[in-house]
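Listed here are the chains, written in short residue letters.
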Amino acid sequence: MTSLVGTILAHASTDGQDRLTAADEPLAGLQTACGGELPGAIAIPELRDLVRAVRQSGLALTKAVNAQDGADAVVAWMNVEPGAPDGGCTIRVRSWQTSPVLADDSSAAARRRVIDRGMAELQAYLDGGQRVLAAITDSTELANLCAAMNAGAGTLWTDFLPPENVHHHQPLHWRLLDDTRVSVPGSARSWRVALLPQMQPGHDASGFELLLLSDDPPQLFSQAAPPNPLPPRANLIGGDLAPVLRQPIARIVANAETIRTRLAGPLPDAYADYAGEIASAGKLLLDLLEDMSDLEVVEAEGFTTHPDSIDLAEVAQQAAGILGVRAREKAIAIDLDMPEHPVLARAEFRRVLQILLNLIGNAIRYAPASSRIGITLRSSGDRVGVVVSDQGPGLSADDQHRIFEKFERLGRSGDGGSGLGLYISRRLAEAMGGALTVESAPGEGAAFLLALPPDTDA
Amino acid sequence: MIDTASHAANLNDAEAVLLDALANAERASGAARSFLAQAARSPASDDVSEETRVRTYAALASLAVAVLDGLVGAAGARHQPAEVDVVIRVLSECPALLEHLRADVIEWQLTQRLHDTLALDPVAPPLLQQLVAQPDHRAAATAFLTAQMYWCRAHARMNMTLGNLPYAVQNQVCGVIQALGASEPDLADRANIVCADVRSASDPAADRERCSAKVLELLGLDAPAALRVQEAGVALFLTALARRTMQSRTAVAGWTDEAQAARLAVSLRAAGTDPGDIRQQLLALHFDDALAEGLAQIAPQQASDMLADMT
Chain D
1 MTSLVGTILA
11 HASTDGQDRL
21 TAADEPLAGL
31 QTACGGELPG
41 AIAIPELRDL
51 VRAVRQSGLA
61 LTKAVNAQDG
71 ADAVVAWMNV
81 EPGAPDGGCT
91 IRVRSWQTSP
101 VLADDSSAAA
111 RRRVIDRGMA
121 ELQAYLDGGQ
131 RVLAAITDST
141 ELANLCAAMN
151 AGAGTLWTDF
161 LPPENVHHHQ
171 PLHWRLLDDT
181 RVSVPGSARS
191 WRVALLPQMQ
201 PGHDASGFEL
211 LLLSDDPPQL
221 FSQAAPPNPL
231 PPRANLIGGD
241 LAPVLRQPIA
251 RIVANAETIR
261 TRLAGPLPDA
271 YADYAGEIAS
281 AGKLLLDLLE
291 DMSDLEVVEA
301 EGFTTHPDSI
311 DLAEVAQQAA
321 GILGVRAREK
331 AIAIDLDMPE
341 HPVLARAEFR
351 RVLQILLNLI
361 GNAIRYAPAS
371 SRIGITLRSS
381 GDRVGVVVSD
391 QGPGLSADDQ
401 HRIFEKFERL
411 GRSGDGGSGL
421 GLYISRRLAE
431 AMGGALTVES
441 APGEGAAFLL
451 ALPPDTDA
Chain L
1 MIDTASHAAN
11 LNDAEAVLLD
21 ALANAERASG
31 AARSFLAQAA
41 RSPASDDVSE
51 ETRVRTYAAL
61 ASLAVAVLDG
71 LVGAAGARHQ
81 PAEVDVVIRV
91 LSECPALLEH
101 LRADVIEWQL
111 TQRLHDTLAL
121 DPVAPPLLQQ
131 LVAQPDHRAA
141 ATAFLTAQMY
151 WCRAHARMNM
161 TLGNLPYAVQ
171 NQVCGVIQAL
181 GASEPDLADR
191 ANIVCADVRS
201 ASDPAADRER
211 CSAKVLELLG
221 LDAPAALRVQ
231 EAGVALFLTA
241 LARRTMQSRT
251 AVAGWTDEAQ
261 AARLAVSLRA
271 AGTDPGDIRQ
281 QLLALHFDDA
291 LAEGLAQIAP
301 QQASDMLADM
311 T
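Chains as they are written, first to last, in this note's numbering: chain D, 1 to 458; chain L, 1 to 311.
Check the hints yourself; a few may be wrong.
Unchecked claim - To give an idea of the interface, some chain D residues facing chain L are shown, with a C-beta separation under 7 Å as derived from the structure:
| id | residue |
| --- | --- |
| 1 | Arg117 |
| 2 | Ala134 |
| 3 | Thr137 |
| 4 | Ser139 |
| 5 | Thr140 |
| 6 | Ser190 |
| 7 | Ala194 |
| 8 | Leu196 |
| 9 | Gly207 |
| 10 | Pro342 |
Claimed, not checked - Chain L residues, not near chain D, derived (Cβ > 10 Å throughout):
| id | residue |
| --- | --- |
| 11 | Ala82 |
| 12 | Leu98 |
| 13 | Pro126 |
| 14 | Thr142 |
| 15 | Met149 |
| 16 | Ala156 |
| 17 | Ala188 |
| 18 | Asn192 |
| 19 | Ala205 |
| 20 | Arg208 |
| 21 | Gly220 |
| 22 | Ala225 |
| 23 | Glu258 |
| 24 | Gln302 |
| 25 | Ala308 |
Stated by the list, open to error - Only part of the chain D face toward chain L is listed, based on derived beta-carbon distances under 7 Å:
| id | residue |
| --- | --- |
| 26 | Tyr125 |
| 27 | Gly129 |
| 28 | Ile136 |
| 29 | Asn144 |
| 30 | Gln317 |
| 31 | His341 |
| 32 | Thr456 |
The set of hints was computed from the structure by calculation and includes no laboratory data.
On a predicted model such as this, the values are computed, not experimentally measured, just so you know.
The beta carbon of each residue, even a glycine, is placed where N, CA and C say it ideally should be.
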């Protein structure tokens, strides 16, 4: 959130019919984003009410005006004074704060994005029109692709990474291309692209970060051995339905946001609210889809991870750093007790990161404000581990057993959780030869222990 | 009629307030150096913010592993924790490296914060996007953008390599590696090879700080937009301020810490920034803008003199 109290960020004026006759940015942009015109009737509902009250009362007023601009919530302090020459008012914008609507780093989609950033094998930067500006990679497999993208700067990224099963004229709206399967010339691996937009309040995306990811580990494809036969799948969500469902749901969310922000034209407030609810529900559905995909992966017969020698302290540092901002928003301190030496485990880095993000994210979500979350590393012979402890409400003995069950919410609702996070985390821990347990008592917080096999070769 | 006596008194008051603030900032800066040196050696220290401590230690640990990779084994080899610890301790005694890492961490934290609060693009802020669109500036702007992508990736993953260090700091670290290897003849040869490899693999033209300086030279060193962080982005803003005030970029990055607001304000004034614009910058960086009040009475040259007196 940015606060510019004490300055006048923008001036504006209205006439006797409460029409906005002139406005500086960012107010002018918000008026347009809310479906209005300049000059034209005030399209920002709370500002319209404020101006009308000032004009009718003849008294100056200063108050916060709330509005929504695309995916951002705007809170602006506006000083409105009567007595403008044509019977209208003068407006001074004193501060302008923006924050993402439905911001929740713990959501499955946000968690996946953090992991994607860490695992991307190629990163590119795109302009607002999805044209390549530059690309970087450390992968020898992708070196030629990276060189081609840099040589062809100014070209649509889809020319280098053709989306699979998408034959529409490019570029599609970025929401529809996010998480799309793509072909990488000369590579037999399965690839997908994540698009992360850079957005200024009141504007379209000014650029994008493109992440190229593969679920197949690189080393498997450097060996001459034929690929293992695919294990039979337990169900269809992740493999077949998720890619098919993700695109139409993303389209529903994109269209609902267009309606909600009145980009398609003026709309009564009630209908804009309905559209907002549709967008929120769609986003929750996308999160649930991500969890269901993970669920299918961990429940598949023959599911394996790709263990490597990893330093648990390093993973814990990353997880604490990633969620640090969100913890600070609740004035929660993450107390990471770093060991003097690396704590080496035999496990898959991204799976351990996924588990720790889930544990720390849950702690932030359910612990009281201004409390502490402790992260400590343990090493005891045949096991190494990480303990995430919080000062939340704690769990009864019965709840400690139930909390790892599928879809178990312990009576909670409305917080965007699916009840799958801990179930998936425990399955991942077990797949790596470890375990995920909890120790707790009502009123005394909870301590989750992720135990893993040590790396005895180190 | 101008009351010259009153004006002089006000000027002295304003200067005294700023000098006092600068002295406080200097004390804080010295303390920061010492606690970071300690924090790097003792990860359990509570004297620094959690994020600064973790990121500084993680960067040192990454570099230590990279050094050991070169000295005793191929990349990816596992090293004894005690060996890693020894190299971390040795590296933490290199002032230039520690100063650089501290500044880097502060710059990254500011970059992230302004991304969250102002939606300021960490890689391609508005000024850079304008330059990329201009054929005459595209090559230099794209080179900086690429360097900035590598920098952001290293910090997002908390994984620093020797190649991430500026050219000058790399040289200092090479000196440390050679000193470390001097204990054994076999290691000495190996240390020389490692340093030669690092130097030959380094491309000064791809150095982020040099790339940012090149962009600013093309833009014109006195371009006002370069000193507006909302337009230039954190990286170009810091380089521009350092160049215009003849300070090191590492030092200027430290001035963005809230405790150093006085130095930042005086540096901006020394760079010729209008007091109104200074107020905007202080507010954008989430500081109290009270310091801007006295700056209207301080001429840019006077501000430069104040900075020089503090060094």
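Exercise for review: Of all the hints given earlier, name the ones this structure violates by number, lowest first.
Suggested key: 3, 4, 5, 6, 7, 8, 11, 13, 14, 15, 16, 27, 29, 32
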